[in-house]
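Colleague: Sequence:
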Amino acid sequence: MDIKERIRRSPPPTPQAQAEAAAPPGHPRWRKGRVAVLPLSVTALVACGFLLLLLAGGSAARRGGQFLDADPATARPSGDGRGDLHQARPRDGGHGTMESSKVQRDKLIGGLLAPGFDEQSCLSRYQSALYRKESPHLPSTYLLERLREHEVLQKKCGPHTESYNKAIEQLKSGQDIEVGDCNYLVWVSYSGLGNRILTITSAFLYAILTNRVLLVDGDKGTADLFCEPFPETSWLLPSDFPINQFENFNTGSPESYGKMLKTENIRSDGSFKGPKPAFIYLHLAHDYDDYDKLFFCEHSQQHLQRIPWLILRSDNYFVPSLFLIPAYHEELMRLFPQKDAVFHHLGRYLFHPTNIVWGLITRYYDSYLARADEKLGIQIRVFDTETGPFQHVLDQILSCTLKENLLPEVNAQLPIVPTRKVRSKVVLVTSLNSGYYERIRNMYWEHPTTNGEIISFHQPSHEEHQDSDKKMHNMKAWAEIYLLSLSDVMVTSAWSTFGYVAQALSGLKTWLMFKPENHTAPNPPCRQVMSMEPCFHAPPFYDCKARRGTDTGKLVPHVRHCEDMSWGLKLVDTDEW
1 MDIKERIRRS PPPTPQAQAE AAAPPGHPRW RKGRVAVLPL SVTALVACGF
51 LLLLLAGGSA ARRGGQFLDA DPATARPSGD GRGDLHQARP RDGGHGTMES
101 SKVQRDKLIG GLLAPGFDEQ SCLSRYQSAL YRKESPHLPS TYLLERLREH
151 EVLQKKCGPH TESYNKAIEQ LKSGQDIEVG DCNYLVWVSY SGLGNRILTI
201 TSAFLYAILT NRVLLVDGDK GTADLFCEPF PETSWLLPSD FPINQFENFN
251 TGSPESYGKM LKTENIRSDG SFKGPKPAFI YLHLAHDYDD YDKLFFCEHS
301 QQHLQRIPWL ILRSDNYFVP SLFLIPAYHE ELMRLFPQKD AVFHHLGRYL
351 FHPTNIVWGL ITRYYDSYLA RADEKLGIQI RVFDTETGPF QHVLDQILSC
401 TLKENLLPEV NAQLPIVPTR KVRSKVVLVT SLNSGYYERI RNMYWEHPTT
451 NGEIISFHQP SHEEHQDSDK KMHNMKAWAE IYLLSLSDVM VTSAWSTFGY
501 VAQALSGLKT WLMFKPENHT APNPPCRQVM SMEPCFHAPP FYDCKARRGT
551 DTGKLVPHVR HCEDMSWGLK LVDTDEW
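Throughout the sequence shown, residue numbering follows UniProt numbering, covering 1 to 577 in sequence.
Honestly, the hints are just simulated from the structure, not real lab data.
Just so it is clear, the structure is predicted and the values come from calculations on it, not from any experiment.
Hints may contain errors.
Stated by the list, open to error - Straight-line C-alpha distance at most 16 Å; calculated EDC-like pairs for lysine to aspartate or glutamate: (1) K273 <-> E255; (2) K133 <-> D551; (3) K220 <-> D315; (4) K554 <-> D573; (5) K515 <-> D551; (6) K421 <-> E463; (7) K293 <-> D118; (8) K403 <-> E386; (9) K476 <-> D488; (10) K273 <-> D373; (11) K155 <-> E264; (12) K509 <-> E404; (13) K262 <-> E232; (14) K166 <-> E151; (15) K172 <-> E145; (16) K166 <-> E178; (17) K262 <-> E247; (18) K276 <-> E264; (19) K276 <-> D289.
Unchecked claim - So the derived label-pair ranges between C-beta atoms look like this: (20) D543 <-> E386: 48 to 56 Å; (21) R334 <-> H286: 25 to 33 Å; (22) T419 <-> V152: 34 to 42 Å.
Idealized CB from N, CA, C, for every residue including glycine.
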C-alpha cells in the first residue's frame with residue numbers, strides 16, 4: 001500500500017449533514033420564522049459583540065499560539081522571513097513534545113523513524129522536521145517493514161543480551177561454530193568522517209540484506225557524533241569485545257577473506273581447508289586487491305553466509321556494487337524502487353546528531369541562516385598539498401555560481417542599485433580555508449548586485465587541515481555537513497565524501513564542481529549531478545559469471561559511472577540506457 005493511502009481519511013458526510021450545510025444561514029430548519037424577527041438594536045448589539053470576540057480571539061491566538069496548530073503548507077510567512085515550519089519551533093529553549101500537527105506528521109520522516117525514543121536523549125531525532133523541508137522522496141512501504149524487522153533483530157541480539165553473550169563465548173572458543181538466529185557484522189572505524197558515514201550506511205544495507213546485527217566500532221568518537229539509531233538497544237561494539245586489534249587487519253591478514261581465497265584456504269565449493277573460522281575479516285578499502293574484490297561475487301556471498309561473525313573495514317560507499325549481485329537484486333528493487341534514494345533514506349534513518357552537535361547546528365542556523373529567502377550551500381574541497389586559497393579555484397566557484405544563476409552578478413559601476421522588492425539570499429561556505437569565503441564575501445560587500453538581492457556569507461569554521469582524530473574537529477565537520485544539507489541549492493566539490501553526504505541527506509541534485517587539473521579552472525566549471533547518490537570510488541571491474549574483466553558501469557541502466565570520477569560507480573533512478 002502506498003504511504004499516502006495509509007493516511008486515515010475522514011468519513012464522507014451523511015446526506016443529512018450535506019442538507020444542513022446547504023441550508024441558507026439565515027433560515028435554519030429548526031428555527032421558527034418569528035425567531036429571526038428581532039428588534040434592530042438588539043441584533044446590532046449581538047453582531048458587534050460577536051465581531052469583538054472574534055477579533056480578540058484571533059489576536060490572542062497570534063500572540064500566544066505562534067501558529068503551533070497551523071499547517072505550514074498554508075500558513076503565511078512571518079515578518080522576519082523565517083520558513084513557516086520554523087515558526088512551530090519552541091522559542092523559549094524548551095524541548096517538550098512538539099504540538100504542531102505538521103511536525104507530528106513529519107517528525108518520523110515518512111515513517112523511517114520508529115516512535116517511542118526518549119526525545120531528551122537525542123533532540124535532533126524528532127526536531128529535524130523543524131529545520132528540514134519535507135522530502136519529496138518517499139520511502140517504500142517494504143523498506144519501512146524491513147527497518148522495523150531489523151530493529152527487532154538488533155534488540156534481540158544486541159550487546160549484553162543472552163544471545164549476544166552466547167555468541168561471544170562461541171567466538172572466544174574459536175571452534176567450528178554454526179550460524180544461528182544472531183549473526184553479526186562489525187564495522188571498523190576508518191578514514192575521515194565523510195568516509196565513515198558512507199561506509200556505515202553501506203554496512204547497514206549489507207546487514208539488512210544478510211539479516212545480520214550491525215555493531216559499530218566506537219573509535220574516533222562515534223558516540224560523540226551520532227545518537228543510537230535503534231530503539232531499546234545499542235549499536236556500539238562493547239569495549240570488552242574479544243577481538244580488539246582492528247588496526248592490524250589488512251588485505252594480507254590471514255583472517256582476510258581475500259587472503260583465504262588467494263591461499264586456497266577456502267575452496268571453490270565454499271568449504272575450508274582447515275577448521276571453519278569463527279570470524280572472517282572483509283577488507284573493502286581503497287587498497288584492496290582482486291581477491292578482496294571477489295566479495296562482490298554471488299558465490300562469495302554464499303560462502304560468507306556460513307560465517308557468524310564478519311568484521312568489515314572500508315572507506316568506500318560500496319552500495320552500487322551490491323546492486324550488481326544477482327542474489328540481492330530483487331530485494332533491493334523492492335526496498336528502493338527509487339534507486340537514487342538509498343543513502344537519502346538510510347542516512348536520515350541512521351545519523352542523528354548528538355545533543356552537543358545539535359546545539360552547534362541549531363544555534364548557527366537560527367543565528368545566520370533561518371531568515372533568508374533562499375539558502376545556497378557551497379562546499380569547497382581542494383585536493384592539493386600546497387596551501388591555498390588558489391585563484392583558479394576561486395575563478396571556478398564564481399564561474400559556476402554565476403553561470404548557473406545561483407548567485408547574481410555585481411554592478412561595479414553603481415554604488416547602489418535601486419530595487420522595489422529586496423530579496424535575501426544567505427550563502428553557507430564550508431572549507432578548511434577561509435580565503436575563498438573572505439574574497440567572495442568582500443566582492444558582494446564592495447559592490448551591489450545587479451538585481452538588488454541582498455547576499456550574506458557565512459563560514460562556521462576554517463580548520464586549515466583535516467584532523468579526523470580530534471573530537472571537536474569531527475563535531476564541527478558533522479555540524480557543517482548537516483547545515484549544508486539544509487540548503488535550498490547546493491554546490492559541492494568533486495571527489496569529496498563530505499559533499500556526497502550533505503548532498504544525499506538533502507535530497508538535492510547538486511551542482512558538482514569538477515576537479516581542477518594543472519592549477520586551471522575546468523571548463524565547464526560544474527554540472528548538475530545525475531542523482532543525489534554518492535560515488536563508489538574504487539569499484540571492482542570483474543564479471544563474476546564470465547570470470548573476466550568488464551566495465552561494471554555498463555551492466556545495468558541504474559548503475560552508471562560518476563560525473564566526477566570516470567571509473568567510479570553511482571546509482572541513478574532509471575531503467576533505460
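Colleague: Please go over all the hints and tell whether each is borne out by the structure.
Modeller: Hint-by-hint comparison with the structure:
Under the criterion of a C-alpha separation no larger than 16 Å, the hint pairing K273 with E255 is consistent with the structure, at around 14 Å. About 38 Å separates the Cα atoms of K133 and D551, which puts this hinted pair outside 16 Å; it is violated. Only pairs whose Cα atoms come within 16 Å are accepted, and K220 paired with D315 is accepted, the gap being roughly 14 Å. Distance hint between K554 and D573 is fulfilled; the C-alpha atoms sit about 15 Å from each other, no more than 16 Å.
Simply put, K515 and D551 have alpha-carbon atoms about 23 Å apart, too far for the 16 Å limit, and the pair is violated. For the hint pairing K421 with E463, the CA-to-CA distance comes to about 38 Å; that exceeds 16 Å, so the pair is violated. For the given pair, K293 sits about 41 Å from D118 by alpha-carbon distance, which is inconsistent with the 16 Å threshold. A C-alpha spacing of about 28 Å is found between K403 and E386, which places the hinted pair above 16 Å, so the restraint is violated.
Only pairs whose Cα atoms come within 16 Å are accepted, and K476 paired with D488 is rejected, the gap being roughly 21 Å. Under the criterion of a C-alpha separation no larger than 16 Å, the hint pairing K273 with D373 is inconsistent with the structure, at around 66 Å. Restraint check for K155 and E264: the C-alpha separation of about 37 Å exceeds 16 Å, so the hint is violated. Distance check on the hinted pair: K509 and E404 sit about 14 Å apart at the alpha-carbon level, within 16 Å; holds.
At most 16 Å may separate the alpha-carbon atoms for a hinted pair to count; K262 and E232 exceed this at roughly 42 Å. Of the supplied pair hints, the one linking K166 and E151 is violated, its CA atoms being roughly 20 Å apart against a limit of 16 Å. The hinted pair formed by K172 and E145 fails the criterion: a straight-line CA distance of about 34 Å is larger than 16 Å. At most 16 Å may separate the alpha-carbon atoms for a hinted pair to count; K166 and E178 meet this at roughly 12 Å.
Annotation: proposed proximity of K262 to E247 is violated, straight-line Cα distance about 22 Å (limit 16 Å). Restraint check for K276 and E264: satisfied, since their Cα atoms lie roughly 13 Å apart, inside the 16 Å limit. Proximity of K276 to D289 is assessed by CA-CA distance (about 23 Å); at most 16 Å being required, the pair is judged violated. Judged by the Cβ atoms, the range 48 to 56 Å given for D543 and E386 is violated: they are separated by roughly 41 Å.
R334 and H286 have their C-beta atoms about 31 Å apart, which keeps the hinted 25 to 33 Å range intact. Between T419 and V152 the CB atoms are about 58 Å apart, so this pair departs from the stated range of 34 to 42 Å.
The earlier numbered hints that this structure contradicts are 2, 5, 6, 7, 8, 9, 10, 11, 13, 14, 15, 17, 19, 20, 22.
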